[in-house]
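2 protein chains.
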Amino acid sequence: MTSQDSTSADLAPAADQAQASDVAQATADVPVVEFRTEPSEYRHWRLDVDGPVATLTMDVDEAGGLVPGYELKLNSYDLGVDIELYDAVQRLRFEHPEVRAVVMTSGKEKIFCAGANIRMLAASPHPWKVNFCKFTNETRNGIEDATAHSGQTWLAAVNGTASGGGYELALACEHIMLIDDRSSVVSLPELPLLGVLPGTGGLTRVTDKRHVRRDVADYFSTRAEGIGGKKAVAWRLVDEAVPRARWQEAVAERAAELAGRSARPAGANGIELTPLQKSRTGEEICYRYVTARLDRDRGVAEITVSGPDADPPGDVAALHDQGAAFWTLAVTRELDDLILDLRTNELELGTWLLRTRGDASRVLAHDRLLLSHRDDWLASEIVHYLKRTLKRLDVTSRSLIALIEPGSCFAGSLLELALAADRSFQLFGVFEDVDPSAEPATVTIGEMNLGPLPMGNGLTRLQTRFYGDEAGLAAVDKRAGEALEAQDAQQLGLVTFAPDDIDWDEEVRIAVEERASFSPDALTGLEANYRFAGPETLETKVFGRLTAWQNWIFYRPNASGPDGALRRYGTGRRADFDRKRV
Amino acid sequence: MTSQDSTSADLAPAADQAQASDVAQATADVPVVEFRTEPSEYRHWRLDVDGPVATLTMDVDEAGGLVPGYELKLNSYDLGVDIELYDAVQRLRFEHPEVRAVVMTSGKEKIFCAGANIRMLAASPHPWKVNFCKFTNETRNGIEDATAHSGQTWLAAVNGTASGGGYELALACEHIMLIDDRSSVVSLPELPLLGVLPGTGGLTRVTDKRHVRRDVADYFSTRAEGIGGKKAVAWRLVDEAVPRARWQEAVAERAAELAGRSARPAGANGIELTPLQKSRTGEEICYRYVTARLDRDRGVAEITVSGPDADPPGDVAALHDQGAAFWTLAVTRELDDLILDLRTNELELGTWLLRTRGDASRVLAHDRLLLSHRDDWLASEIVHYLKRTLKRLDVTSRSLIALIEPGSCFAGSLLELALAADRSFQLFGVFEDVDPSAEPATVTIGEMNLGPLPMGNGLTRLQTRFYGDEAGLAAVDKRAGEALEAQDAQQLGLVTFAPDDIDWDEEVRIAVEERASFSPDALTGLEANYRFAGPETLETKVFGRLTAWQNWIFYRPNASGPDGALRRYGTGRRADFDRKRV
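Just so you know, the protein sequences line up as chains A and B, in that order.
Start counting the first sequence at 1; every next residue gets the next number (our numbering).
Start counting the second sequence at 1; every next residue gets the next number (our numbering).
No wet-lab data here; the hints were simulated from the structure.
Mixed in with the good hints, there may be bad ones.
No copy labels: a pair is met if it fits in one copy or bridges any two.
Derived pair list, reagent style DSSO-like, types lysine-lysine, alpha-carbon separation capped at 27 Å [as the list claims (entries may be wrong)]:
{"hint": "1", "residue 1": "Lys-110", "residue 2": "Lys-478"}
{"hint": "2", "residue 1": "Lys-73", "residue 2": "Lys-209"}
{"hint": "3", "residue 1": "Lys-580", "residue 2": "Lys-73"}
{"hint": "4", "residue 1": "Lys-478", "residue 2": "Lys-209"}
{"hint": "5", "residue 1": "Lys-478", "residue 2": "Lys-231"}
{"hint": "6", "residue 1": "Lys-580", "residue 2": "Lys-278"}
{"hint": "7", "residue 1": "Lys-387", "residue 2": "Lys-230"}
{"hint": "8", "residue 1": "Lys-230", "residue 2": "Lys-580"}
{"hint": "9", "residue 1": "Lys-108", "residue 2": "Lys-73"}
{"hint": "10", "residue 1": "Lys-278", "residue 2": "Lys-230"}
{"hint": "11", "residue 1": "Lys-209", "residue 2": "Lys-580"}
With the hints as extra help, turn the sequences into a complete structure.
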C-alpha cells in the first residue's frame, strides 16, 4: 500500500465519501471469489521460464481489479493480483522442477510495485482488509518456503520504485537488487501517508530477516520518500544497487549464481497441476476428496476429507506418473482451495467441523511412500505443500472442531487436521443405531506427525500440544503406529473429549451452539493465542504480533474513520487524528 | 474481569446507557492519578509480615473505587487497587529482605478475586482500559520477577473463587493452592461473559507457563462456570486442591517450604522506601533527579535525568546506609513514577524527549559499586528494579527520542535510556553560541549495558539493537569504557544521527513535529514491533501478541459498542454480535 495515487497525474482529486461507499458496496456484493487460475488466464503477471531461471514479471492491468471501484495504477495490487502470484509460486514448484532461481521484476517503467491499492483498502470492509492481508502474507511465506526448501531461490530485481507492499514483496525474496538510477527507491510509507502499518510482514522482516537496526528502521518507516542507491545498501534495505547500464547483465549474473547453489536434480520433469474439479452451490462445495456442507443457520461448515480409495503406487516413478492425481497432492490442493474459498466468501460460517472418511492404513501408506522418498523432488514438494496448507488452517480465524467417528481415517497426515483443531471429539464405542457392528473410531500417530509438518512456530502440532509436558509427549510418541480408540486417545491427551453414543449428539451440538453464541472477535483472539503455545518465529510474529496490531490500527477511526488517514489519502486534506496515545 | 455482578444479589438490574456515560465522563474528568502510596494508606490490601513469610490479603473496599460510578464488589479491582498491590510488591523487596515467601490470599468469604471491575471497564474510554491492562500486566510480571530473582516466592492461596483477572493474579504466582470446598473454582469467563480476552496474560500463562494443553485451555476459557477441585489439578490449572479443614495448615506448610528454598541472607535489614518528593503542575513534574517539562502545544514531554552529584559511597555498607537516597535507587524510583504518571495522565504528550545531565564517570562508578556486589541483596534489588523500570519504558506507547548534548551523562545505566529510544541524536561538536569551550557530548558503554538489564525478550538493548549483526555488536563491545563522541558513536551504530550545531535545532524540531503529525495508533504499532526484534518470551508474547489482540477486541463494537457484550453485561440482555469472522 503506498503512493500510487499521489504520483499519478490523472488521479481524481478527491476520494469522496460517495465513491468510497460505492466500492464498499461493491465488495459486499462481489460474487464468490475464485482462487483457481492458471498462467494462460493471468492478467497481471507473465511467467517466463528459461532453463534454470524463471522470470515473473508484474505488469498489472489497471482495469483488472477484482471488484469495481478502483484502478490498479502503478503496479498496485488487489486480491486478484495476488491470487495469480500464488498460482505462479505453486506452479513453479510443481511444474518447473528445472527452475532453480526465480527473478521477480516489473514490466512497468520506473515502478516496481506500489503495494496494495489504497482506494481498494480504504473502501473495503474490515474483514476483507484483514483476510486480504492474511492471504498475501501466506503467499510471501510461500516464496520464502520455496527458497528454503525447494532450491528455488527468489531474487527481487527491483527495476523501479518499490513502495509499501511493493517493498514487502521484495523483502520476501532472498536477495534484493535495486536499480540505481537516482529515482528508484524502496519505502514503507504506510505510516506517514496512510496512518496504518505495512500489512505483509514488512516491519518484522526489516529487523528480524534483514537485520536493519531498529532506529534506522524507525526512521525509514516514517519517511514517505524512501531510500535508494548506496544508502539503501548501507542500511541493509537491499543487497545491491546496480546502475541501469549494468542492470540486465547484473540480474542475469546474480540469478545464474543463485541457481548454481541449488541442489535441484538435473533433468527432472514437472507434473501438471491440472484444473481442480469443483462444484459450488450455496449449500455445498464439492471436490473429488473434499466436501463442505454450508449450514448457514448454525454458522457451520461441515467439512469431510476422504482418504485414498486405493493403495499408493509401488514406487516413486509411479507417483510421478499419477502426478496431480496422487491422493496426497490432490487432497491437499482441494483443502487449500476450500480453506481460501470459505475464508474469503463465507465470513459467517464461524465454526468448521472437520471429519475424515476412509481407510487409515491407506493414508499411512501414502505418507510412507512420500517420506521414504524425501530426496525425490516431487515427494518433497507434496509434503511441503501439505505443511503450508496445514499452516493456513492454523491461522484461519474460524473455530475448528474435529469429529472422530467410526469410518474415519485420522491417521498420519490426516490426524494433523484433528491436531490443528481447537478441540476434538472421538466417539467412544460406535453409533448403535447406525451400525452396531462398525469398528470403533481410532486415531493413529504416523511419521507425518513427528516432524515433516511443522507449524509456523517451528514445532510439530504434537510438540505444541504437549508444550512443556515432555512426559506427555514421550508417552504419545511411544504409541506411534497404534490405532488408538477413544479412551486411550483421550487418556494420552490426543483428543479432548470421548463421549459415547448416548452423549455424542448432545455434546457436539452444545459445543457448536456455544461457539456460535460467543463474540466472533474474542474467539479469533483466543484461538490465535492458544494455537501457538511456545516459541515464536518470524512467521508467528507476522501473524501474531504484527497482524494483531495492524487489525487494531485498521479498525481505529484514525485510519478508517471518515476523517482517518486511509480515507483522506489522495483528497488533499490531512487526516484529523485523535491525538491520544493508547 | 468477571462475574462479580452476576452473583451479586443487590446489583442494579441494568447498566443503562446513561450510567455508562456518567462513568466515562468521570474517567475523563478524573484528577491526576497518583501512584505513590504506602501500606498505612492502603484501602484494599493488608500486608502482614511474620518472619520469612508475608501474607498479602486482598480485601477490596467496595466504596474505594478510583473513579466514581462503580462499586468494587466481590474483590474486583480497578487501577487504584492495583497501585496498592504494586506498592506492596516493591516494599516487600526493599523493606523486607527477611521475607522469603509471600502468600497472596483474600479477606472475603468464598471469593478470592473477581478480576477487573466490569462496570469500570465497560464505561472506561479505550486508552484507559489499555493503559490499565498494561500496568496490571507489569505488576504481575513484577511478582514473577520477585520469585525468580529476589528469593521471594509468591504463593496464591486461593481461598474462594478466582475468576478472570482474579485467576490471572494467581497465575502470576509460582504455586497455586485452591480451596476444595465444592464451590470455589478458577475461571477465565471473559470470552463467554464479556466478549473480550483475559487482559493480564492469562491465555499466555495458561499454555506457556502452566503447560495446560491447548484444547483443554480452549474449553476452560469458554466455560463461564470455571473448574475446581481435583479436575483443576488434573488440568494443571492449579497445583493443589486442599480441603477447608486442612487449608490454614497446608498453606502455612507450603509457604514455609517455599521460604526454605530461598537463598536470601539471614538477618538482613530492609531499607525504607521513604516518600518520594514530587511537585506537579500543569507544566512540569519535578523530582530530585528527574524533571519533565510538559509541552502541550508540541505534544512533548521533555524529560531530563540528572546523574549523581557525588561519588558513590566507598562500600556496600555505606550503600545500605544511604538506602533510598542512593542515587541509582532514587533516580529509578523517580523515573518509574514519572513513566506511570505520564502514561496515565498525559495521553496527548505523544513524544518523550530524553536528556541526561551530569558526570558520566559518577554514573559509571555507581554502576560499578552495584555490579561488584550482586551478591548483596540490596545492590541486586536496585539493579533488578532498574531493569523493570527500563522494561516499562520499552512497552510505553510514546515515541522516545534521546537527545545527547554536551553536559549529558549517557553512560552505563543512563545509556540504556538512549538505547531504549526509537531514535537518538548526538551533537557533533558543541553548541558554539552556548558554550564553545564545552566538552563535546559522549556516550559510554559500561558493564550495565552488557547483561544486567535485559529487555523482555531476554536480550540486552545492545543485543536487540544489533540483532543478527554479530560483527556490529562485537565492534561495539570492544569500545566499552570509552567516551565516544558523536562521529564514533554514529559509525558504531550506537546513535541514529549526529548533526552539528548548525543543523541540530532544525533536525530535532523536524523529528518532533513529524512525530506529532503521524497517526498515534500507527506509531504505537510501529514502536511495539520495532522495539522487540528477535526472540519472543512469555513476557513479550503478553505485551505483543496478546495485548494487541485484546486492544482490537476491546475496540470492536462486539465488545464495546452499545450492543456489545461488555456493555450489555449484567443487563439481562444478550449482546448483539456482528457474526462475521475477521
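Of all the hints numbered above, which does this structure not satisfy? Sort the numbers upward. 1, 2, 3, 7, 8, 10 and 11
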